[in-house]
Structure formats: C-alpha cells, structure tokens
Amino acid sequence: MQLPLQGLVVLEFSQYLSGPSAGLRLADLGARVIKVERPNGGDAGRKLAIKNLWVDDNSLLFHTINRNKESFTADLKKEEDKAVLRKLIGKADVLIHNFRPGIMEKNGLDYAKVSAINPRIIYAEISGYGKEGPWKSKPGQDLLLQSITGLASTTGNDSNGPVPFGIAIADILCGAQLVQGILGGLIRRQKTGKGALIEISLMESLLDFQFELLTTYYASRQQPRRSNINNGHPLLSAPYGIYATAKGYLALAMMDVHELADALDCAALKQYGKDEAFARRDEIKKIIADHLLQHPAAYWLERLHNKNLWAMEVLDWEAMMNHQAYQCLQMEQQLEVKDKKIITTRCPIRINGKRIYHHKPAPQLGEHNEAIYREFIK
Amino acid sequence: MNLLQDIFVVDFSQFLSGPSASLRLADMGAQVVKIEKPGTGDICRQMYVSDVMVEGESTIFHAINRNKQSYVADLKNAGHLEKVKRILAQADVMLHNFRPGVMERLGLDYQTVKEINPSIIYAEISGYGAEGPWKNLPGQDLLLQAVSGLTWLSNDHDENPTPMGVAVVDILTGTHAVQGILSALYRRGITGEGALIQVSMFESILDFQFEVLTCYYNDGNQLPVRSAVNSAHAYIAAPYGIYKTQSGYIALAMSNIVLLGELLQCPPLAAFTDSNDWFSKRDQIKQILADHLATNTAEYWLAILEKADIWCAPVMNYDELMQQEGYRVLNMEITVKTANGITVSTTRCPLRVDGRLLVSDKGAPLLGEHNNMIDRQFGWVNELQK
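Respectively, the protein sequence lines represent chains Y and L.
Counting in the numbering used here, the final residue of the first sequence is number 378, and the numbers go up one at a time with none missing.
Counting in the numbering used here, the final residue of the second sequence is number 1386, and the numbers go up one at a time with none missing.
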C-alpha cells in the first residue's frame, strides 16, 4: 500500500516518549524517520526498561516506541559532526526535538539556524512548560505535569488523595498533537513552499486535554469535585462510574436514573428526580452500588442491554484478548529482532479500508550511519 | 497563512470524539461546518454537566464547538440531502461518528460520496470498528475504558478498577482521526486522490496502552499489578507516586532511593541499595516514604528536592494553578463570543505556529446559524432568484 507520508524524511532529535511517539506515528504513516542520537549511549530510552524486559542491548520499551525507524549518530558538540548534520538537515522535511529550552540554541540547531539551511523544513519542538516563565527549565516529566495541571484531581474518589492516570498521558497526547501540527505544516508547505515552526508543551497539551473541565471551571470558578462513590468523571451525574457486583465489575455510563431503576428492579432509585442526578449523585450511586452486589455483572448486563442502556462489563487484558471483539481488530503485529520475536500493537488508523502493519524493529545505535552518509552526505 | 487555510470540512459528528477532531482542524484554520438535525442539533447542545450552564447552554458544547459553523439539514429529507450532497461535492474533508450502517442507510457512505467527490477525505469514527460482536454497541468513553483493560492501571491495588476522569478515549480517537485526515490531505496534494480514514475508539485506546500492552504480550501474559501505596503507574518502581504531606501533596517521579533517603533524612531508605528492589519492594519503600513525608510540609520537602534536581512537583488544583505565573504566562485562556452575544472563557489550541498562538474569538454556532451563508456560498440563493 502507498502510505500517505511516503517520501518524507524526518529527523528525530528526541528521547524517551513524547518526541519519539510522534516519530513513531509519522513512521507508521509512511515517513522515513531517522533518530539522530549521541554516539555514546544514544536515546536514554534504550536503557529504560519496565519489568526488566530486554530484547538485546535495548529494552523492550525502547523497541516498542522506536520500531520502524533508523539510527544515525552525531555528537552535537563536535563541529565536524555538525557539518554533517547540516547536510542532512538540508535534505530533510521535518525535524523534531524535545530538548529543554536553550539546548538547541546552544548547539546551533535552533529554528533560525536550521531554517537558514533549509527554509522548507518543518521544525517541531516539545517542551515541558513552554519557553517562557518561571517553570521553563523544569524537567518535563509526565507525572509531574499531571500533578501541576490539576489532572490528578479528576480520577479516583473524592475521599482518595490525588490519583494520577496510570499511563503517560502528557507525553502521548503531546506527541500526537505535535504530529497534527507537523502535518498541518506540510500541507501549507505544498502551497507556499515555506517551512514552519511548530511548538507545543506538555503543559499546554494537558490543559487542552482538560478543556471541558476548565471551561466549566472558568464559568463557575468552582473547583470540580470527584464523586465520593465510584467516581467516573467529576462533571457527570449518577450513575456514571464502575461498580462491583457479586461477580466482576460493571461500568454504567450516562442514563436516566428512572430507566435504570426499571432495568435493575431497584425501586429505591425512583425517589430521585431527573434534576437531582448530579446534586445527589453520591446518595444515588450508593443505592446502586449496594443493589448491584446481589447478582453477577453478566446478569445485570443482560438486563441493561435489553433496555438499550449504556453499560459494559469491566475486562482485564486477559478477558479482553479472549473476546472476539478484540481479536477481529487484528491489533497485534510481530517484529523480528535478530532471532527474537516481539509482539506489539499496530497504528490505530486505517486507510482505504486497510490496516497498517510494519515489521521493521527499532534500530541499533548508529545502525544506519553508513547508509545515510552515502545517501545524503557524500 | 494559516496551516489549513481554504480547507473545507463538513462535520456530521456529535458529542466529543468527532467534534474534538474538527475543533482542531478549525484551530488550524479550516472552515468547519457542522451538519445538524433540525430542532435539537448535536445532542451535546443539551448536555449540561455539573449543573453549570453558560446562560442556559451547556458549557462543554461551547468548549468543543467554538470557531465552527452550523448548517441544519434533515438527512432523511430528500431535498435537504441533495443540498448536503452538493456541499460535499465542494468539501475537502467529511467526518462522521455515526454507528456502522447509518451512513449507508442515509446514502452518505464512502462509495456514494466518493462518486460525488473523488478527491474527498472521508473520515469515520466508530466505537468498536465495523466488524465483530460489539460493532453495534454505543461507543461511549467510560465503556471503552472498561472493556480495554485501562481501568486496571490507575489507583491503588485495593481500589476498584478506576476509570480516568477525563474522556480520554474520545479525545485520543479524535486526535488520531486528525492525524489520518491530515496525512491524507498531504497525500492528496501530490496525487490528487481522496481517501477513506477510519479510526475506532477501541483501537485508539489500545494504542494509548501500547507500551504496557507490548509488555503484557511479551512477558508471558502477566496482568498488571497496581502498587498498594500511592500508585501512579503499575510498571514503574518506587518512589513514583503522589504523597501526602502536612500541607498538601507532592509528586515524586523516578529517582534513586538511597539518594532520596539521604536528602530527606530518612535513614530506613539507606537499606535499599539494590536498585532491583525499588520495583520488587516498592510498596514497602513507598510506605516508608509516605510515613516520613507526612511529618513535614510540601514546601519544606520541595525546597530540599528541587535544589538537588530531583524530579518532583507540588500537586495543584485549578484554584492553585490559576495563581501561578507558570500558568498565566501560557495565555491558555481565551474568550469567545457567540452570535447572540454570549461570551465564554475557554482554552485555546495547544499548538503554536511560527511563534504565534492559534486563537479565534468565534464562539460555538447557534443551531442553523450559517444556513443562509452556506446556501449563498454554494449559489443556491442566486439560483432561487433566477
């Protein structure tokens, strides 16, 4: 299949997750992504493992984030390496970096310098907190951004302390939004012939992520409160949340409390009017929570689905993967690293009815030095 | 020039997943027209949350639909459908998030639209994809979190499965739709050909978990175990988490436990010299830290840790955040105005282009506000006059 970004060359001066997750998506969509890494160790993500899982010299985590890319080593402190990089930049379409503010300036690779070499380049950068203000030099780390932006006050119950998201939401969302900006820049370049500077920060991404909550807060200046029983979303009324049953857990989304009362045969819910579903949500949810303990989740789910109410059983990965609804997605793909096989997920976007698979593993450090040198520099 | 200048987007979607995608396209300069049903329009117009309204209207509708236009059409009415098809003939992008089969019944499926406009980018968002046993079930955020294993990753071990308190599935799916749409527009700039872009909430929320799912696929299928103490990530070692102090909470990201013990003057941590223990004994370590950090204030601890470049931060709510210079300097808050004079404060697009913020003061459209304008744009008014 002809992928949409075929023919584009992306230079990824990024480490860990935010920048590299953007590079991964561009690679999935057909771009040729070259990681520019320091000769000594490369992307620090190579040595960052979870559950101590390693594929070769590199962690499984690194392979997950950097599959389908190439690696070129350069020492940004050496003038001869920088001369080589300037040639490479001259041939590239996109440059991504996630260094702290000031580093690329110090290396002589800031936008002004890079666009002087290549006025058509889309120069994309991720910072933690933007490039101004008292926080600009703070480390842009996911949990810290969740904590500072109020996000940790959206999850868990009101009686819990702050509960962060258990996935690196700031990194992943920011990387995804950077891709949007880069693609917008490439589209404009087709008309104007000119490049673009695209900037984003983890903090702006997480504030954007909370746009519904923040807009509601700006209107009321009331700090949103989590429900005290099975909180699902601070702004939403009963029954929104996840409930324990006699066997398994059940998720109940938005629905009319009286319709729910009928489906569950729970007369006690009928005392509440429609306009009380938010104000008295904890009381209502307590009644539902107690009532649902009588029967297993499957029992309740059948009754709820019969009435077309929005509910699902809560699954773990094992139960999910045994389900045909997961299997028919064909979400998994295999990578081969020397004699080892890795299973990972594919790109979630389908184009012209086709899923996108790539089997190329992450590069070894400097694996493509020679090839890239021959092709672009010589 | 705006990034998406002169790009015309026709958006049939409702609620959040699709509309959050078209919001971003509008932010980047596209003209976005919502096609809405007569009478009620996008159901989100009536979705009041948290008992907060802006002059009787839903706050979240205003947040999601600022800077768009509204065109009312009854897609079951042949005359209206004809008009919509003529709009689509001129469109660069169309977007919908109906359940599978609905657009086929309405006669607005990809095959039909492609015949009208071969270069259109046709994007569709579904809950579970177009196949499989769940394809007709509602694609709703909490329910997708529930079935995708996501709820076993947040909160402490002894707590119920815990959903993320922002509509993360909708928002990521919308983000992926935009990626697909823009990459196809780029391709069209070279080949002139349109494309079908499909995303589902299920695939998007699996992609969100790509790091930890890959771990699960390759570690012999061991289910994640949340930390019992101040859990912040099921796969990351101590001290990763949020800790209570005498005054508020602080967050600690990855750091060296022995060094942390020295800095905080917490001698029991000195025993954990083997860094493998920082994961395998994380609950024990985190409990020691939690007890210790409860003995003084957040300011006290942060002053020590920041000086030593330890990755730490105060935990803030919105009231506290708004007081910070670090928040104000971002100029994240914008004011938009609707045609009937309502002003709404909301957030801007997080991207900056060529050093400029992407801001517009156009509020969400009234239902059908742009029918006349669009009709004129496509020449129907003149036609009638003839």
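These are calculated hints, taken from the structure and not from any lab test.
Positions of the beta carbon are idealized from the N, C-alpha and C atoms, including for glycine.
There's no promise every hint is true.
[As the list claims (entries may be wrong)] Looking from chain Y toward chain L, a few residues come up when the C-beta cut is under 7 Å (computed):
#1 Glu-283
#2 Asn-322
#3 Gln-334
#4 Val-337
[What the hints assert, rightly or not] Capping the alpha-carbon separation at 20 Å, the derived lysine-lysine pairs in PhoX-like fashion look like this:
#5 Y:Lys-51 / L:Lys-1135
#6 Y:Lys-87 / Y:Lys-378
#7 L:Lys-1135 / Y:Lys-354
#8 L:Lys-1135 / Y:Lys-307
#9 Y:Lys-354 / L:Lys-1281
Hints, one by one, checked against the model:
no. : hint                   : result
1   : Glu-283                : violated (15 Å)
2   : Asn-322                : violated (11 Å)
3   : Gln-334                : violated (10 Å)
4   : Val-337                : violated (11 Å)
5   : Y:Lys-51 / L:Lys-1135  : violated (35 Å)
6   : Y:Lys-87 / Y:Lys-378   : holds (9 Å)
7   : L:Lys-1135 / Y:Lys-354 : holds (18 Å)
8   : L:Lys-1135 / Y:Lys-307 : holds (18 Å)
9   : Y:Lys-354 / L:Lys-1281 : violated (45 Å)
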